[in-house]
Amino acid sequence: MSRSTKVSGPVPAADKEAGGPGADGTGAERDGATQWPLWEVFAQEAQGAAHEHVGSLHAADAEMALQNARDVYARRGPIVSLWVVPSAAITASPSDEAGSFFDPGADKIYRHPQFYKIPRGVKGF
Amino acid sequence: MQQDAPKAVDDAALNARFEARIEAGETIEPKDWMPERYRTQLIRMMSQHAHSEIVGMLPEGNWITRAPSLKRKMSLIAKVQDEAGHGLYIYCGTETLGVDRAELVDQLLTGKAKYSSIFNYPTLSWADMGVIGWFVDGAAIVNQTVLAKASYGPYARAMIRICKEENFHKKQGYEIMATLANGTPAQKAMAQDAVNRWWWPSLMMLGPSDANSPNTAELIKWRVKRKTNDELRQRFIDLTVPQAQAVDLTLPDPDLKYNEETGHWEHGPIDWDEFWAVVKGNGPCNRERLQARRDAHEKGAWVREAAAAYAAKHQPASASNAA
Numbered sequence: 001m002s003r004s005t006k007v008s009g010p011v012p013a014a015d016k017e018a019g020g021p022g023a024d025g026t027g028a029e030r031d032g033a034t035q036w037p038l039w040e041v042f043a044q045e046a047q048g049a050a051h052e053h054v055g056s057l058h059a060a061d062a063e064m065a066l067q068n069a070r071d072v073y074a075r076r077g078p079i080v081s082l083w084v085v086p087s088a089a090i091t092a093s094p095s096d097e098a099g100s101f102f103d104p105g106a107d108k109i110y111r112h113p114q115f116y117k118i119p120r121g122v123k124g125f
Numbered sequence: 126m127q128q129d130a131p132k133a134v135d136d137a138a139l140n141a142r143f144e145a146r147i148e149a150g151e152t153i154e155p156k157d158w159m160p161e162r163y164r165t166q167l168i169r170m171m172s173q174h175a176h177s178e179i180v181g182m183l184p185e186g187n188w189i190t191r192a193p194s195l196k197r198k199m200s201l202i203a204k205v206q207d208e209a210g211h212g213l214y215i216y217c218g219t220e221t222l223g224v225d226r227a228e229l230v231d232q233l234l235t236g237k238a239k240y241s242s243i244f245n246y247p248t249l250s251w252a253d254m255g256v257i258g259w260f261v262d263g264a265a266i267v268n269q270t271v272l273a274k275a276s277y278g279p280y281a282r283a284m285i286r287i288c289k290e291e292n293f294h295k296k297q298g299y300e301i302m303a304t305l306a307n308g309t310p311a312q313k314a315m316a317q318d319a320v321n322r323w324w325w326p327s328l329m330m331l332g333p334s335d336a337n338s339p340n341t342a343e344l345i346k347w348r349v350k351r352k353t354n355d356e357l358r359q360r361f362i363d364l365t366v367p368q369a370q371a372v373d374l375t376l377p378d379p380d381l382k383y384n385e386e387t388g389h390w391e392h393g394p395i396d397w398d399e400f401w402a403v404v405k406g407n408g409p410c411n412r413e414r415l416q417a418r419r420d421a422h423e424k425g426a427w428v429r430e431a432a433a434a435y436a437a438k439h440q441p442a443s444a445s446n447a448a
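Taken in sequence, the protein lines are chains A and B.
When we follow the working numbering, the leftmost residue of the first sequence carries the number 1, and every step to the right adds one.
When we follow the working numbering, the leftmost residue of the second sequence carries the number 126, and every step to the right adds one.
Honestly, I wouldn't trust all of these hints.
Simulated crosslink set (SDA-like; lysine to any residue; CA at most 25 Å straight-line) [said to hold, decoys possible]:
{"id": "1", "chain 1": "B", "residue 1": "Lys289", "chain 2": "A", "residue 2": "Pro94"}
{"id": "2", "chain 1": "B", "residue 1": "Lys296", "chain 2": "A", "residue 2": "Ala74"}
{"id": "3", "chain 1": "B", "residue 1": "Lys438", "chain 2": "A", "residue 2": "Phe102"}
{"id": "4", "chain 1": "B", "residue 1": "Lys289", "chain 2": "A", "residue 2": "Ala46"}
{"id": "5", "chain 1": "B", "residue 1": "Lys198", "chain 2": "A", "residue 2": "His51"}
{"id": "6", "chain 1": "B", "residue 1": "Lys289", "chain 2": "A", "residue 2": "Arg111"}
{"id": "7", "chain 1": "B", "residue 1": "Lys237", "chain 2": "B", "residue 2": "Glu161"}
{"id": "8", "chain 1": "B", "residue 1": "Lys438", "chain 2": "A", "residue 2": "Trp83"}
{"id": "9", "chain 1": "B", "residue 1": "Lys438", "chain 2": "A", "residue 2": "Arg70"}
{"id": "10", "chain 1": "B", "residue 1": "Lys274", "chain 2": "A", "residue 2": "Leu66"}
{"id": "11", "chain 1": "B", "residue 1": "Lys274", "chain 2": "A", "residue 2": "His51"}
{"id": "12", "chain 1": "B", "residue 1": "Lys424", "chain 2": "A", "residue 2": "Asn68"}
{"id": "13", "chain 1": "B", "residue 1": "Lys289", "chain 2": "A", "residue 2": "Lys123"}
{"id": "14", "chain 1": "B", "residue 1": "Lys438", "chain 2": "A", "residue 2": "Pro86"}
{"id": "15", "chain 1": "B", "residue 1": "Lys289", "chain 2": "A", "residue 2": "Thr91"}
{"id": "16", "chain 1": "B", "residue 1": "Lys196", "chain 2": "A", "residue 2": "Gly77"}
{"id": "17", "chain 1": "B", "residue 1": "Lys289", "chain 2": "A", "residue 2": "Arg76"}
{"id": "18", "chain 1": "B", "residue 1": "Lys438", "chain 2": "A", "residue 2": "Pro113"}
{"id": "19", "chain 1": "B", "residue 1": "Lys274", "chain 2": "A", "residue 2": "Phe42"}
{"id": "20", "chain 1": "B", "residue 1": "Lys198", "chain 2": "A", "residue 2": "Gly121"}
{"id": "21", "chain 1": "B", "residue 1": "Lys289", "chain 2": "A", "residue 2": "Arg75"}
{"id": "22", "chain 1": "B", "residue 1": "Lys289", "chain 2": "A", "residue 2": "Gln67"}
{"id": "23", "chain 1": "B", "residue 1": "Lys196", "chain 2": "A", "residue 2": "Gln44"}
{"id": "24", "chain 1": "B", "residue 1": "Lys274", "chain 2": "A", "residue 2": "His53"}
{"id": "25", "chain 1": "B", "residue 1": "Lys289", "chain 2": "A", "residue 2": "Arg70"}
{"id": "26", "chain 1": "B", "residue 1": "Lys289", "chain 2": "A", "residue 2": "Gln44"}
{"id": "27", "chain 1": "B", "residue 1": "Lys296", "chain 2": "A", "residue 2": "Ala62"}
{"id": "28", "chain 1": "B", "residue 1": "Lys289", "chain 2": "A", "residue 2": "Ser93"}
{"id": "29", "chain 1": "B", "residue 1": "Lys198", "chain 2": "A", "residue 2": "Asn68"}
{"id": "30", "chain 1": "B", "residue 1": "Lys289", "chain 2": "A", "residue 2": "Ser100"}
{"id": "31", "chain 1": "B", "residue 1": "Lys289", "chain 2": "A", "residue 2": "Asp71"}
{"id": "32", "chain 1": "B", "residue 1": "Lys274", "chain 2": "A", "residue 2": "Arg75"}
{"id": "33", "chain 1": "B", "residue 1": "Lys274", "chain 2": "A", "residue 2": "Met64"}
{"id": "34", "chain 1": "B", "residue 1": "Lys198", "chain 2": "A", "residue 2": "Asp71"}
{"id": "35", "chain 1": "B", "residue 1": "Lys289", "chain 2": "A", "residue 2": "Ile79"}
{"id": "36", "chain 1": "B", "residue 1": "Lys198", "chain 2": "A", "residue 2": "Gln47"}
{"id": "37", "chain 1": "B", "residue 1": "Lys424", "chain 2": "A", "residue 2": "Met64"}
Quick partial rundown of chain A residues pointing at chain B, CB under 8 Å, derived from the structure [as the list claims (entries may be wrong)]:
{"id": "38", "residue": "His58"}
{"id": "39", "residue": "Asp61"}
{"id": "40", "residue": "Val72"}
Keep in mind the hints are simulated off the structure, nothing from the lab.
Remember, it's a predicted structure, so these values are computed and weren't measured experimentally.
The beta-carbon is built from N, C-alpha and C at its ideal position, and this holds for glycine as well.
Please model the complete structure; the sequences and the hints are all you need to start from.
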């Protein structure tokens, strides 16, 4: 299994074996029942806050995904905005055992203010 | 697979690393390596939990049209809608393990998957709406508060969302009971009757005693569960006894007594034969519940098909089925 070459999404759609509903984006038929595509839901809890991932849901199209997201993830306030994104459209970084992806950020202490010294006596810097 | 030997070595190393991560209290995320057994145990436990939320809508849905006031009706509709939402949170969490919801629903409808034993009891009076919120949601809160610290990230996060909403469920139920207990003698009798019928099934709902719970040790080792069934049951009893006393309702256990030394309420023997009969499909409402779910699924098929057809027709070619 070559996990490192193809970076898969944080959600099942992208992790699925080929042919699973949602993986191929066709809303595959199974036993006469229709499995709608999977969407990831992001909610903003207050004006000015960031949108945060809150979960996923199945819906036939974007409009239905938004309405379902409202009913599932925003039944009570305070949600001021929702985004829905097709799960398969998300590309995620490798999982932790893939190793070195985040290394470039791990060894550069000079990017933090603690790395620098201020002469004694300088107040309110 | 020609490379069996190297793979086994890899698995041992991955397994050791996984156990170390669990030991260190780390959260396992969907894309992280996990033992196949951890994955299947989680799928089993989470899907049972999701099914329970969905089937749990039925006993209460039964009373929506007969709620005694508009206020009670609004609360009950909101609560039942929450249960649907809780089912969806957990189904979507389960899907992160690589199984899809249609398959899980199929397992429920064919009777292959289990759901909580408690929902196989009938709701005979309005007081049952009160006692379900108080006992059943109360017991669920005790269980889910602990599951909110489960090692699997998507499960823990779903539990946190659910716990925030369950408090309303429990409180509205207790309010119904307090109102009935302070009402006419007939209302008080109705409340007491509901307590009598639901107390023991509510204790059983927290699962078989530790001696007969084959999955507990493994789930605790992997920190999916953080407390045993008996520990959860004790906590539920300790919380509930004073609440019953406060509204002057009697819990139907002549052996119930406070142990000064341990600080816990001790209960009489639980009828586990009844529990296993219900789990195995022979409770008062097992067949009725499953039939109701099957009917809903079949009668809703045209809605799913119509929505898919509408989406296919209206989707711009470029955006078509990105998901």
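Hints, one by one, checked against the model:
1. B:Lys289 to A:Pro94: The hint is violated at about 32 Å.
2. B:Lys296 to A:Ala74: holds (21 Å)
3. B:Lys438 to A:Phe102: violated (43 Å)
4. B:Lys289 to A:Ala46: holds (18 Å)
5. B:Lys198 to A:His51: violated (34 Å)
6. B:Lys289 to A:Arg111: At roughly 39 Å apart (the allowed maximum being 25 Å), arginine 111 of chain A and lysine 289 of chain B break the hint.
7. B:Lys237 to B:Glu161: holds (20 Å)
8. B:Lys438 to A:Trp83: Roughly 23 Å separates the two Cα atoms, so the pair holds.
9. B:Lys438 to A:Arg70: Since the Cα atoms of lysine 438 of chain B and arginine 70 of chain A sit roughly 24 Å apart, the hinted pair holds (cutoff 25 Å).
10. B:Lys274 to A:Leu66: Violated, because 29 Å separates the two Cα atoms, which is more than 25 Å.
11. B:Lys274 to A:His51: holds (24 Å)
12. B:Lys424 to A:Asn68: With a Cα-Cα distance of about 20 Å, the restraint between lysine 424 of chain B and asparagine 68 of chain A holds, given a limit of 25 Å.
13. B:Lys289 to A:Lys123: Given pair lysine 289 of chain B, lysine 123 of chain A is violated - Cα atoms ~46 Å apart, limit 25 Å.
14. B:Lys438 to A:Pro86: The given pair, whose Cα atoms are some 18 Å apart, holds under the 25 Å limit.
15. B:Lys289 to A:Thr91: Distance ~31 Å between lysine 289 of chain B and threonine 91 of chain A Cα, so the pair is violated.
16. B:Lys196 to A:Gly77: Judged against 25 Å, a Cα distance of about 20 Å means the pair holds.
17. B:Lys289 to A:Arg76: Holds: lysine 289 of chain B and arginine 76 of chain A sit about 11 Å apart, inside 25 Å.
18. B:Lys438 to A:Pro113: violated (56 Å)
19. B:Lys274 to A:Phe42: Satisfied, since the Cα-Cα distance of roughly 22 Å is no more than 25 Å.
20. B:Lys198 to A:Gly121: With a Cα-Cα distance of about 69 Å, the restraint between lysine 198 of chain B and glycine 121 of chain A is violated, given a limit of 25 Å.
21. B:Lys289 to A:Arg75: Roughly 12 Å separates the two Cα atoms, so the pair holds.
22. B:Lys289 to A:Gln67: Holds. Lysine 289 of chain B to glutamine 67 of chain A sits at ~22 Å (cutoff 25 Å).
23. B:Lys196 to A:Gln44: Violated - the C-alpha atoms of glutamine 44 of chain A and lysine 196 of chain B are around 30 Å apart, more than 25 Å.
24. B:Lys274 to A:His53: Measuring from Cα to Cα gives roughly 19 Å; hence the hint holds.
25. B:Lys289 to A:Arg70: holds (17 Å)
26. B:Lys289 to A:Gln44: holds (18 Å)
27. B:Lys296 to A:Ala62: Since the Cα atoms of lysine 296 of chain B and alanine 62 of chain A sit roughly 36 Å apart, the hinted pair is violated (cutoff 25 Å).
28. B:Lys289 to A:Ser93: Violated: lysine 289 of chain B and serine 93 of chain A sit about 31 Å apart, past 25 Å.
29. B:Lys198 to A:Asn68: It holds: about 23 Å lies between the C-alpha atoms, which stays within 25 Å.
30. B:Lys289 to A:Ser100: Measuring from Cα to Cα gives roughly 38 Å; hence the hint is violated.
31. B:Lys289 to A:Asp71: holds (16 Å)
32. B:Lys274 to A:Arg75: holds (24 Å)
33. B:Lys274 to A:Met64: Answer violated: lysine 274 of chain B to methionine 64 of chain A is near 32 Å, above 25 Å.
34. B:Lys198 to A:Asp71: holds (19 Å)
35. B:Lys289 to A:Ile79: holds (15 Å)
36. B:Lys198 to A:Gln47: violated (33 Å)
37. B:Lys424 to A:Met64: holds (20 Å)
38. His58: holds (7 Å)
39. Asp61: This interface hint holds because 4 Å falls under the 8 Å limit.
40. Val72: With a closest approach of 5 Å, the valine 72 of chain A hint holds.
Violated hints for the displayed structure, listed by number in ascending order: 1, 3, 5, 6, 10, 13, 15, 18, 20, 23, 27, 28, 30, 33 and 36.
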